[in-house]
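Line order of the protein sequences matches chains X and D.
Using this note's numbering, you'd call the opening residue of the first sequence number 1 and step up by one each time.
Using this note's numbering, you'd call the opening residue of the second sequence number 1 and step up by one each time.
You may find that some hints are simply not true.
[Stated by the list, open to error] Straight line, CA to CA, 25 Å or less: simulated SDA-like cross-link-like pairs of lysine to any residue:
(1) 83/X to 116/X
(2) 120/X to 108/D
(3) 179/D to 96/D
(4) 72/D to 105/D
(5) 144/D to 189/D
(6) 87/X to 65/D
(7) 144/D to 70/D
(8) 104/D to 73/D
(9) 104/D to 128/X
(10) 144/D to 96/D
(11) 104/D to 53/X
(12) 120/X to 97/D
(13) 83/X to 172/D
(14) 87/X to 73/D
(15) 72/D to 124/X
(16) 120/X to 110/D
(17) 89/X to 50/D
(18) 104/D to 116/X
(19) 120/X to 96/D
(20) 93/X to 199/D
(21) 93/X to 221/D
(22) 83/X to 168/D
(23) 87/X to 47/D
(24) 120/X to 100/D
(25) 81/D to 145/D
(26) 83/X to 221/D
(27) 111/X to 128/X
(28) 83/D to 190/D
[As the list claims (entries may be wrong)] Some chain D residues close to chain X (C-beta under 8 Å, calculated; not the full set):
(29) 46
(30) 49
(31) 100
(32) 102
(33) 103
(34) 106
(35) 107
(36) 133
(37) 134
(38) 166
(39) 169
(40) 173
Treat the hints as calculated values from the structure; they're not laboratory data.
Glycine included, C-beta positions come from ideal geometry on N, C-alpha and C.
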Amino acid sequence: MKKINCIFLMMVCITAAAQDHAMHDMEGHSHEGHLHDTMVDGKLLVVNPERFDSFVSTLEGKQVAIISVSGMVCDFCARGIEKTFEKDKAVLKVDVDLSGGKVLIAYSQDKNINFEEIQKKILSNGQNATDIQIIKI
Amino acid sequence: MQLRKKFTALIKNIRRFTIPPMGIKVFSFVFLLLNIFLIEARPISYSGGSTLMMKSNNMQDSAYYHYSPSYKYSVGIQQIKDKYFNSNYSYLRLTYLLNRRNTKNSQRNLYFQSGLSSDGLDHYFYGTHGDWETRSLYAGFGYKKTMMKILDYTEQYLQIGVAPYIGEYGDLHTWLMLKSKQNDLTNNWDTYPVLKFFKGNALVEFGYSDTSNWDIHFMYRF
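Isolated chain D, as found in the complex (with noise of 0.2 Å):
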């Protein structure tokens, strides 16, 4: 009850802003260009590295900027628009590199995450994920607990990946994908194919299901 006053309060202050016609289907667009992207590949930067993420699915849009002082970890701040429960939070976050193979054509990871919300000191979440990736074949699985006031629920995922080509550093490089994600709330395995595009300092993945639509990344290390 609380939240859906939270929400509606939310509403009328967004409608206190006026937009002219036009600028509806600008804003609307540069609104889902900047809702629609991200990965979590990479969850820390090299040393000094800041790295902005955007990501939008059926159940959250979220905005995350993280800084790495190691390339052992990263923090940062998250801001969610949760679909599910009709609410907005942040999550203050923290990364850490749990073990790094590096071989000369390859390189496996596993990271240890969490955040805590804006919420209060009941509404946290962590877990893991992983990747093993060579210039044309990726792998990675992730898990993760959230810890809210009213319930709790885990989200997994497996995602395999392979490059059609291989491209030198600088030219566009892209990847075939299969998604499989599961979360306690809708409580099915759902499976998809995600393309990913990856140039420079960006990566750009879409993905798109029948029973939970779109799934968009974004990502821009600096």
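Isolated chain X, as found in the complex (with noise of 0.2 Å):
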């Protein structure tokens, strides 16, 4: 009886989790061209479409370092690099992408970025940054 009343806990748990993914999912969002569209040094950037056009959307004037992360897989690691950065008083806002392993921070546009420092806090945190585009707004 122990062992069917943990079963059915647990297939209860899991459906609510399933469920509560599911309602995420189905928020839709644009996939239509917008500013993740732009070439970066002869490339295209590489991110969350809908997540990228959402972050730069109250950003115009700011520039945004989109910086790949590797060792990004847990909440845990996501919720790091965000503290991280939000301690620094050049970045206006930051937005960790867990499922591509990008971060996006956004500056202003005089802020000389560089790229050390930003793998020294990431590492500071326990992952590697592996690169690096900027993208003016």
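Once you've looked at the hints, go ahead and assemble the two chains, each given alone in its own frame, into the complex.
Have a look at this one:
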């Protein structure tokens, strides 16, 4: 009987979690061409289109660093990176795309973005920054 | 014998506090929640991060706080209610990241863990644990040797898991896992299913087997 109760409890929990995720997917977003179609240094931006367009929608006149990060496998990694950059006064906004392995960081137009500095910050969290693309909005 | 006296004295002290009948249920529920949860996954936080862990199984209940000055190591204090030896003690703990490999879709870690007990220099533990994780697969192992005044023993575990769906950052994440653990005191391998939930800064893990009953963990990072 204990086993049956235990399995039942597990199934209820999984179903609830799956439904929560399905609802998230059903919210729907536009995929049609925006800033994410821009070429940077001859390369197309490799970002989640909806996520990127939503992120930059309030950032006119600013610049955004798109960082590729390896080893970012869970929310704890993402939260650590987010907290690290939120402490930086030069950072206007941060977004962590766990699925895409990207971190978007918004700076003012006059900020000189230093990739080494960003790499150090991400390494302090235990992950590695492997690439950077900078786009002016 | 001395342990029994200490335990009896502790019970007497607890009985001095009176709890109204309704309060007993509330107190029991809160105590259960506090003792129910936690996992050793991510035993080191990001630089400057703190973690609170609580754990309960057939052998012991424990509460563990650690602080990570760097992503390479953490220091912390763990309070343990040892059900097997009927005693209470604390550990001053150090966990060190021996090796980490990050790839685009995975992370692999190997940790050294150690603890020195409040009972004295002849009660301590050391060991290692490791994990490999993607966003949908998990594998981990652990080995721990505990030295006590009365006897020494080892514990080990293996754990594998799969995520039935991949959530975004901030979503509720779910893991279906299988854990197998063994220690010298009970001298048998116990294998059982484990369910792990993970949202924001909190993680909860429930495991159950016929032989060792509940194995429950909770972790909160801040």
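>> Need the status of pair residue 104/D, residue 73/D: alpha-carbon distance at most 25 Å?
In response: holds, 23 Å
> Does the alpha-carbon distance linking residue 89/X and residue 50/D stay inside the 25 Å limit?
Replying inline: holds, 22 Å
>> Can you confirm whether the C-alpha distance between residue 120/X and residue 110/D stays at or below 25 Å?
In response: holds, 22 Å
>> Just to be careful, I want the Cα atoms of residue 120/X and residue 100/D compared with a cutoff of 25 Å; is the pair within it?
In response: Holds, at roughly 16 Å.
> Hey, residue 93/X versus residue 221/D, does the alpha-carbon distance stay inside 25 Å?
Replying inline: holds, 22 Å
>> residue 120/X and residue 108/D were given as a pair; does the straight-line alpha-carbon distance stay at or below 25 Å?
In response: holds, 20 Å
> Taking 25 Å as the top limit, are the C-alpha atoms of residue 83/X and residue 221/D close enough?
Replying inline: Holds, because 12 Å separates the two Cα atoms, which is no more than 25 Å.
>> Next pair to validate is residue 87/X with residue 65/D; report whether the Cα-Cα distance is within 25 Å.
In response: Holds: residue 87/X and residue 65/D sit about 23 Å apart, inside 25 Å.
> For the pair supplied as a hint, residue 104/D and residue 53/X, is the alpha-carbon distance within the 25 Å limit?
Replying inline: Roughly 23 Å separates the two Cα atoms, so the pair holds.
>> For a C-alpha distance cap of 25 Å, please report whether residue 83/D and residue 190/D respect it.
In response: holds, 18 Å
> Holds or violated: residue 133/D as interface residue toward chain X, Cβ cutoff 8 Å?
Replying inline: At about 5 Å, which falls below the 8 Å cut-off, the nearest Cβ of chain X leaves the hint on residue 133/D intact, so it holds.
> Given the hinted pair residue 144/D and residue 189/D, is their alpha-carbon gap at most 25 Å?
Replying inline: holds, 15 Å
Going through the hint list in order, the structure satisfies each hint without exception.
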